[in-house]
Each structure stands twice: as C-alpha cells, then as structure tokens.
Amino acid sequence: MDMDRNSLVEAYRRMRTIREFEDRLHKDFAGGEIPGFVHLYAGEEAVAVGLCSHLGDGDFITSTHRGHGHCIAKGVDTAGMMAEIYGKAPGSCNGKGGSMHIADVDKGMLGANGIVGGGPPLACGAALSAKKRGTDNVVICFFGDGASNQGTTLEGMNLAGVWKLPVVFVCENNGYAETTSYKYSVSGTDIAARARGFGMPSVAVDGLDFFAVAEAAGEAIARARRGEGPTFIEAQTYRYYGHFEGDSIAYRDREEEESFRSRDCLSRFRQTVTSQGLVEAADLDAIDGAVAAEIEQAVTDALSAPDPSLDSLTTDVYVDFPASQLWMFQDEPVRV
Amino acid sequence: MDMDRNSLVEAYRRMRTIREFEDRLHKDFAGGEIPGFVHLYAGEEAVAVGLCSHLGDGDFITSTHRGHGHCIAKGVDTAGMMAEIYGKAPGSCNGKGGSMHIADVDKGMLGANGIVGGGPPLACGAALSAKKRGTDNVVICFFGDGASNQGTTLEGMNLAGVWKLPVVFVCENNGYAETTSYKYSVSGTDIAARARGFGMPSVAVDGLDFFAVAEAAGEAIARARRGEGPTFIEAQTYRYYGHFEGDSIAYRDREEEESFRSRDCLSRFRQTVTSQGLVEAADLDAIDGAVAAEIEQAVTDALSAPDPSLDSLTTDVYVDFPASQLWMFQDEPVRV
Amino acid sequence: MTTIELSQRTITYREAINEALDLEMARDDRVILFGEDVSGAPHSEEERHFDAWGGVLGVTKGLAGKHGRERVIDTPITESAFIGAGVGAAATGMRPVVELMFIGFMGVCLDQIINQAAKMRYMFGGKAKIPLVIRTMTGAGFRAAAQHSDSPYSTFCHFPGLKVVAPSNPADAKGLLAAAIRDDDPVIFCENKVLYDTPGPVPEGEYVVPLGEASVPREGDDVTIVAISRMVGVAHQAADSLASSGVNTEIVDLRSLAPLDTDTVLASIRKTGRLVVVDEDNPRCSVATDIAALAATQAMEYLAAPVKLVTAPHTPVPFSPVLEDAYVPTPERVVEAVRATLA
Amino acid sequence: MTTIELSQRTITYREAINEALDLEMARDDRVILFGEDVSGAPHSEEERHFDAWGGVLGVTKGLAGKHGRERVIDTPITESAFIGAGVGAAATGMRPVVELMFIGFMGVCLDQIINQAAKMRYMFGGKAKIPLVIRTMTGAGFRAAAQHSDSPYSTFCHFPGLKVVAPSNPADAKGLLAAAIRDDDPVIFCENKVLYDTPGPVPEGEYVVPLGEASVPREGDDVTIVAISRMVGVAHQAADSLASSGVNTEIVDLRSLAPLDTDTVLASIRKTGRLVVVDEDNPRCSVATDIAALAATQAMEYLAAPVKLVTAPHTPVPFSPVLEDAYVPTPERVVEAVRATLA
Ligand SMILES: Cc1ncc(C[n+]2csc(CCOP(=O)(O)OP(=O)(O)O)c2C)c(N)n1
Ligand SMILES: Cc1ncc(C[n+]2csc(CCOP(=O)(O)OP(=O)(O)O)c2C)c(N)n1
Ligand SMILES: [Mg+2]
Ligand SMILES: [Mg+2]
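Residue numbers (my numbering), protein chains in the order written: chain A, 163 to 498; chain B, 163 to 498; chain C, 8 to 350; chain D, 8 to 350.
Bound-form chain A, shown alone (with noise of 0.2 Å):
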C-alpha cells in the first residue's frame, strides 16, 4: 500500500465514525427512539472506506438500503445523517428521506436506495455522464450478495462493458441477504466469476481486511479513469447486527458471529498501522475519542432538532408543478 499517513489516519476516522454511528443507533433503536426500518453497516466498514478513500467529490458512489457505511466513507455529514434518520427537518433529505434515502448529490452520494438491485443502473447513468462530460471521474456501485441475483444488477454489468463505463461494481458479499445464504441464492456460488461472464476482470478480497480492499480497488478505479470500463471487486464480508434492528438473527450462529468478529476490520487496521509504525496508537485513540463526541451531539442534536414543517409534505415532488394538482379532486387539508 502506498498510503501516506495522513490518509490512513483520515481511513481510521471514517471507520471507526461508520462504527460508532452504526453501534449508536442500534443501541438507540433497542430503546425505541428511532422510527422505521434501520439496517446497519457495522462489521463492514472496510469495504465503504477501503473503496472511497480513493475517490474525490466529483467521482460518485450508488448505494443499497444498508447505505450509513458508504454514506460516512463518502464525506457525507454525519450531523445531517442523524437527524435525518430521526427525520427531522435538519436531516440531509430534510426528513423526507429516512435511513433508506440519505442522499448528498453534491458529495457524489447518489442515495441510499430501497430497492434491491436498485443502484447498478442509477451507476451506469451516472458513469456515463462522467464520461460525456469529458471528466475522468469515476463511480463505485456497492450492492449485496443477495442483489447479485436481482436482473437490473446484471443488465447494468452488461451495460458498463459495452458502454466501456467507468464503473467499480462492489459486492459487499455478507453472507446473507435477509435470512439468506449467498450459498442458497447464488447458483454455483461463485459471484466474482458470475462477473467474469459479462467479460470484466474480477476479484474476490478479503472485505474485513481494509489493504486489500484498498488496493483492489486503486486497481479497479484507475482502470476506470483510464478508460478501460468496469472491473468486479466481490468483498467478502460480514454484518454484526441484524438484516435490520428488531431481527431476532435466527437464521446463523453466534459462533460464525465470533468467527467474524475476531477478525475485526478496526482492530486488524489499528494492528497493522500501529505494529507497523505507521500511524501511533495514541492518535487512533484521539480520534475514537473525537468520533465519540461527534456521535453524542449529533444524537442530542437531532433529538432536538425540529421536525419538518406539514408545507414540506408538498414540496419538492417536481422543480415545477401547479401547487393545487398535489391535492387532486381535494380540499387541501387545513392545518391547525
């Protein structure tokens, strides 16, 4: 790895902020605070950081319903995530969105996404902007094992080779997709060499090791800015909590839990950079620290923050539409 020291630092921060963001809501949602289905990222963290610690605001990244870790690894505001999550009028969407849709265009973030297999073509547009608008940017389609399955992600593989588009497409393989075995959904359980068959180079990394992910993908994305088209990165990783909080996780064992847990993506970072004298362990602890205190206010701020205004129901469903046709055939309900 040739990263110097100020971008290690700047890879621990995201992770250990995905971390901290994920165990903090899901302690939060234990205690009823938080509305809706919340599915959280903690365990995957190298795979989001390991990907966009190589991009810049101009390059992109489409998303999945499991979106916090990429949003984070992207430079979206962890603030504006809170409470958006909490949907109050601050939140990134301005509450409209919800821990589904947490979106920053402006940030390359092209939104969290509800729809399984939802991301890849959204990747390919965006990509092919990229190209038309003569830049070398570049944009990163994360999905999981289970949307490996799903025929908008193959069209859109198909799609990126013949177009030759700048596109990574990331399986963030968790092993399951609901209660789902990758093992069971995925005929001959092979997904980086699925990938091959659409004729784009593909590899299959440790996702828990936050290097190799990392170098995988300096590879992948500067093929991409060369203009080579799309490679297939398979990360193979692991979800701590849930499909969404409330699971009861019935459907494997705490022993494989442990199994991936042991092999922690923090810890082995934090081992690496520290045994290698890269970066101290006393600064890693600074930014814990940092990151902790970030978190806290970004919970107390939303839980403070106003909820949207009842206009907002209405706006924002076109740039330009005749305000009296969002009530059709009605009244306008009168607010009290």
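Hints in this document: simulated from the structure, not taken from any laboratory.
Please note that a few of the clues may not be correct.
Label-pair ranges, simulated between beta-carbon atoms [unchecked claim]:
1) B/Arg497 / C/Val223: 21 to 27 Å
2) B/Ser466 / D/Glu211: 50 to 56 Å
3) A/Val496 / C/Asp36: 55 to 61 Å
We put the CB at the ideal spot given by N, CA and C, even for glycine.
Please arrange chains B, C and D with the ligands on chain A, whose structure you already have, making use of the hints.
Same frame as chain A, but now just chains B, C and D with the ligands:
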C-alpha cells in the same frame, strides 16, 4: 446420433414445414396480405427441431417473438397457426394473439412472446410445476442473443440453478437483435461463458447442424429429466430474412447471409442422411411435396376463414368476471 | 358477561392470512407458496434455523413446518424470475401463491404480471388459465419511506386480466384470500401492513368471502363513504364522530377493487345522495377517481352535492413521522369532506 | 388558391419529433439520446451500415449522422439498465432522452421510472433534479397485438414525480418534445405510432408548447369532448358529423396528462354543461375517470347530463384487425355518447 429412420424423417418433415411456412409468409407479406409484425424463423430450423425432437406433449417450451418455428417443432397445427397469423376465427388463439402470441398449451407450447426476455421466468415456472407434479417432464426455454442481456433471462438462469429445475436454456444466437450484433450487445461476446457464471453446464454448438444440436439437446434434456438441473446451449445460427418483414436489412451484408445460406441446415441434413443411406432422397422429396401442399392448403383455408365474431372482443379476459365491467363506465357499443 | 363463541374467536389480520394459507394448502396440494424468506434460512438443514422468519413481517411463519419446504419455498431476490415462475406454474397445473414483499417493488417484475399473467388467457384465445395469487403489502404509517409505503393497487386495477382485493379486517383477509386461491384468474392480494396486528372476530375452519362483493359495515342514509383497506377504519372513526352530531353515515368497504361491486356502491349513492371516497393511494388515475367516475356516469341524478375525495396527496410517501401522518387521510379530513357534502 | 407559408410547412408527426430532437441536441450538448437501435448497426464502423434503422419505426433516423454516435447511442436489450442509466445521467448533469420502444414494455423497467426517477427528488429533500425524457410509443391500430398496442399512460400519471404528455398532431409533438427536454422533471413522452405518418403544419425553428396546457382545437357550446392523442382526431370526426345535425362541439385536447390543465377542462364543462371523455386506454383507473372525477368534484352543478366515457373496453388489445377496430373508440361511439348527453 442414435435416431431411427422414423425420427429422422419426422425431424426433416418439421424443419421442412417451418421453412415452407416462413418462406410462404415472406412472399405473402410482401404481397400485402398479412397484418402486423411478423418475425420469420427461416434459417434457424435445426435449432427448434433439434431440441423439440426429444420432447413429448407433457414437456413444455417457451418461445419468443420469432415463434413459428418453435410452434411447428413442438407439433402445433399449421392450419391453426396460419389462420392465427391472418387473424381469423379458426386460428390457434381464435385470432386474438396473432403471430407474436401463437400458443397451444395442450401441446406444451406456452406461447410466442412479444416481450424479449419474457419466456425464461415462465420456463422456470413450468419446470417447477413439472417437478412438483412429480413428472420427469422438462422445459426448453428458447431466446435470442439479444435476450441474453435482459435481466429476466439472467434471473431465470439463476433461479433455475438455485431450484435445480429441469430447464434447458437455448440461446439462438442468430447474430443480431434487430440491427445490433451480439458482438456489440453481449459484453465479453461469449454467451455460453456467461451461463457458466450461473453454475450450469454450458455448451456452444453449430446451430445449422441438426445433429450437433440434437446431440447437445439430448444430453441436456436427459440431465434435466434425471433431476440434475439446468443446462445452457448456445446454438449459433442465422436468420435468412430481416428482423421482421419489411426490414430493409441495412445492418448486415449479403455475403454474410450467403455464407450462412451455403451451410443451410436443411440441405446439410438431406446431404447427411442420404449420403449415409439413412433415408432415401425420394422420401425427402415426397415430404417436400406434402409439406408444400399442406402450407398451400393452410393459406387457402386461412384466407377464406371467417373473422372472429365481434362478441369475442370481450371474452376470454377472465375465467370469471362480471360482463358489465368489461365496458366499465360506459355503454356497450351497439354493433350493426 | 359475554362469552366468546368459538366461531367468533378473535385473531389478528396476520393470523387470519396465515390461517387461510394453511387451510388452503391442506385442502389442495396444488397450492404452493414462494417468495423471499417466506420460510427463512433456506441454506441450512439445521433444525435451529428452520422457519427462521416466515416472511419479513412473520405472516407465513409456521407454514413450512406444517407443509414442508417442498411447498413453502424461499427464493433469491429475483422478483421477475419467481413471479414469472408463478405464472408459468399456474399455466401448467399448479395454484401458486407468491409473495411480492412490498407493492412498491412492482416495478422490478411488472412485466410478468401485466404482460404475461394478465394477458395470456386473452392472447391465447381463452385456452389458458392462470390461477395465481400474488400477496403483497401496501400501506403507509410504518415509517418505511417512499419505496416501501405506497399503495399503487390502482396500477393493477388498470390492467385487464387481473383481479385485485384489499381486505380491511381479519375476517375478510381470511375469506378473500381463500377465494383468491380458489379463483382461476390471477389475483393481487393487498395486505395492509399497518393492520397486521389488528385483531378481529374470524370464523374458524373454511371461510370464503366471494371476490367482487363489497360489504356495508355501517348503514346510514345521510352520506356514503366508500373506503378501502385501512381507510375503512378511518371512515368508521369519522362516522362515529359525525354520529354525535346526528349524521348517519353509510360505509361501503370495497374489499374487491377489481372487479368492483358497482351495484352496492350505486345503491348506496342512490340512497344517500352524497358520496365521499377515502383512499390512501395517490389520487391520479386511482380507484378513488373510478368511484367518482361511477357516480358521474351512473348516479349523477341522485347526487345532492359534489362528490368529495379524500386521498393521499400527489406526492411520494415521506419518511418523517409527522409528514407521514399528514400524508395518510385522517378521520378529521373525512369529517370535513362529509360536512362539505352536507353544507 | 392557397399558398403555403414557410412557417406553416407541412411535415409528419414522425418528422416533427425528429426535428425537435435535432434542434434540442444542437441547442444543448447535454442532450443525449439512447435506446435500442436508435441509430442501428452499432457493431459496425462501415459507412454502408451507418444509421441503419433510426429506431424501429425510423423516428430517430439521421440524428446519429448529424450529432454523432457519441450522442445517439445504441443499447443492448436491457431497459432497466439503460432507462436507469438515463436517470443516473440526468441526476449528474446530463439531459438524456431515452427510448422505451413500446409503452407496454414498461414492466421490464418500471422500477427505475417510478421508484428512482419519480421519487428521487422528494426522497432527497429537493436536492436532486432529474431532467429526463422517456420517449415511448402508444396506440392500437397497428395490428401489433396485446403487448405492443396498449396505452397505459395512466400508470405513469398515477405516480407523483412524473410528467406525462401525449401529443395529437405534428406541431404539438414538436413543441411538447422541446418543452419536455427543457423541463427539469422526468417526462414520459407518448408518441402514438398510428400518427407517425400524419402530416400537419409545423412551425420551423425553435418551437415550444408549454407542458400542462390543454388546447381547444374546436370551440362549441353544446357539449365538451375531452380527448387524448389519436382520439382527438376521432373527436373531430364525431364533431363534424354532429355539426351536420346542428350540435356545436367543443374539443379539449389534453396534450399534457400530468399535470392536467384542469382550468381549461373545467371552463369548457362550465360552458357546455355536457362532458364526453374519449380515451383509447383501458377504462379502470385511467385519465378518463380522472376527467370524470374532476367534473364530479368540481363542476357537478354545471352538468346538465351524466358524464359519458368512451374508452377501450377492459380487455387487452386483440390482434385480429376486425377486433382491434372494434377495440379502439370510433367516431360513431362518440357521436352516440354525445347524443346521450343531449337526450
Ligand atoms: C426489489 C426488492 N426486493 C426485495 C427487497 C427486500 N429486501 C431488502 S434488503 C434485502 C436483502 C438484501 O440482501 P443483500 O443484497 O445481500 O444486502 P445486505 O442486506 O446483506 O446488505 C431484501 C430481500 C427490496 N428492498 N427490494
Ligand atoms: C422488452 C422488450 N424490449 C424490446 C423489444 C423489441 N424487440 C423485439 S425483438 C428484438 C430483438 C430481439 O433479438 P434476439 O433476442 O437476438 O432475437 P431474434 O430477433 O434475433 O430472434 C427487440 C429489441 C421487445 N419486444 N421487448
Ligand atoms: Mg448480503
Ligand atoms: Mg438474435
């Protein structure tokens, strides 16, 4: 090949029938007699017949917009087909389906299909049904090179693999999807390799060679009947006419067509069986004559057949539905 | 002191659906069930993993235990393939019940529903039938945001060849699902996820509510409220509050959205002369405008006041709880609409 | 003797669409076009193969020659991927015009339209815009059978976030397409394939017809006919025949289906007191029932007779020419409906 004389004669008869049927439509379409979109199968006969010669009525096939050949190969009555293409009452579908929707469920023909990629999911269902009903029936799923890029096709392959369904996926690679060569549309250009990514045995065969097709088909079908799951066959073939009738065919060259015509599947079949003394040329000639007469009769009958009654506009939408709601919100038109 | 009759024991909407599936599977071995995680942990043969989920909200829980994994089958995330497989299986002798987890996912598999299931019989000249049920979840109020909360059953109603039902209570859920499974046409069965925990009296044993028949759970002669699914409850709340000021509301619970029970709707309009339609689907090209069109084309001369619609706005479903609560029609809005027809 | 003014030269509906695309591409290099065979023979560099098709019915012919294959891009048959690519490109600075060959193919790509393009802006709190045009073909009469002939634009109207237009003549086709391309919201542009060869006067050069404005191509005060796309021509035929018996028909050509020009529709109803809606789409949950609902909720007191709908039946489109001709609304049926409102 271990085909007996009767089977060879029957295979020839079906291939010849398809050719005659399609050549005749080509002629009559040019004469302005035939309504709608008509996609001809001429040139590809060895594929449909090579596959279907292994099937009984309990086995199913799914088809495409280019379905006449599949129908004839599966034993659908040509008189009914011709009447259907003319939109007449005695048509296979009472004139309601036309060329793109000819079907005969009792014969195991689940319909030509106007949607590219429409067939593979249906094939999975028929195969699941065969399995659940405790039969050893199989399903052949025909589709084109263009369709091999459609998400539904790719999903179907994966599902058939996961459920170990008795399906044989047959990609009729006739070089083009409308004007577009598979060399452009199929990323990686190797369709058979793509199927391997779904963990199924996959083979490419010369689709102009009846015996090569029939042999690959025999193995795949036997495998499916044994409960060992799906197989993929890419049959490399060519369509002699345009994408549909009326196509000016400006996207490919006459020489290319000639090179395929010089390897015509019917001529080669005749050559092989006569030179090996398996069937006498005179017997094949007799078939040619009989088939020509059959198709001539089918056209004559179709032309003189009655149109569907206007009442049939609103029948067969449902098994059971209030008649009044078929003209919902309005007066049923008075027919004079 | 009240005694609960056995035939009127109380179970939830979720349990009622589970019971209908259980009974129909027992009754007819052509009935099979498939969808994502409908049982759970399909990769594992271990007993401790068996039936790990029973669907994302537990509706099919226990059925794999009773009827076996051969009949309760988990799928990959591949809606086009497995819903299409439902069509293909239905066309060839089975009676599949497939699950499209949320109705908002229709977009990843719609072709198999509108171009294959719905049109096959017609295109084949009547020589096919497709006894397929697609169970799916509708309904806002779950804080599940725009892609998991809408109720576009109107899209299915639009396409000839499909039947669409949307039960508002546990008994209807059980009876309509049984009818849907026994029906020879494709039926979209819309379960409102917000109702799953709602209890209600449900007959034991086989119980069938015919498709295409609305119910009139409350009779009245001042005004007709036509409502769908969870909005029937909202209509009842509105009716209760109106009753206190002497307004007698008649409520028509459509139950079947296609076919529509036009007779019951028209009879009620003719009786009351006033019509309010309550629907949580978006307003454009909706079942609500259909009911208004029914009145305008076939009962105009009976109407004493303009028809009133109370629906969701023409917006996606917002996430924020305060906004989502403002999105779904409320009893207050219904009361206001009724009062406007009486003004 | 009539002289044809240059500004009123006559071109076909097909040519008008081609011209709008050409002009908008020249005007704004963010406009790119893609779809299946929109140019043709993408595999070949040979000049003799260049621009082999220009779309299945030749609408985009010549554009690749003028604007290059870099901007007129052929796709594999993979509607979800390339329409989704349109959404992604629109969200990131381009203004794509993508072609969904036939509207009946919506089912293979609907999610990218209804859950991504339509909802993104709202879900993102207004922080995205999707200037995407999806061109697609509607219309029966082509002997193309059930999957290639229906007109379910109502499904697109139903989903908030989409705009939908359906021009009835060459001038509107040109002007509305220009407006759609310049619009910052996703627009579904519905071309009636039966109209492609229809000629009409079309202004040269830049010409924009604003979205959301109906036209009134014929004024009258006895009855209002609201019609869409090809049915506007049918309405004119009906009006001609009614005129001979002294009935003055006003025709409202909706042009935009979402947003609707409710003012123009309501003004006409208030003027004539009689409403007939003609739509070749299926009747349930349709634009036709929306117009009836508009009358029932906002103009009931002006109606002198029940509203009349003339639509396709609730059936798929049949293949047989005699049946297809009976499927599409005819001038005779419209005349009958008008007469019924006058009775
Ligand atoms: C089209 C669609 N089908 C089903 C779902 C329900 N669903 C949400 S997440 C999920 C599992 C996704 O698994 P995977 O792709 O492996 O991602 P992971 O959750 O493991 O990150 C499913 C089935 C959905 N949201 N969208
Ligand atoms: C979903 C869908 N997209 C596009 C079309 C239009 N279309 C009809 S046939 C065809 C080409 C199909 O090519 P291929 O699969 O190779 O079959 P072939 O025509 O060569 O037999 C296309 C694009 C369609 N019918 N359905
Ligand atoms: Mg997963
Ligand atoms: Mg082909």
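Of all the hints numbered above, which does this structure not satisfy? Sort the numbers upward. Violated: hint 1 alone.
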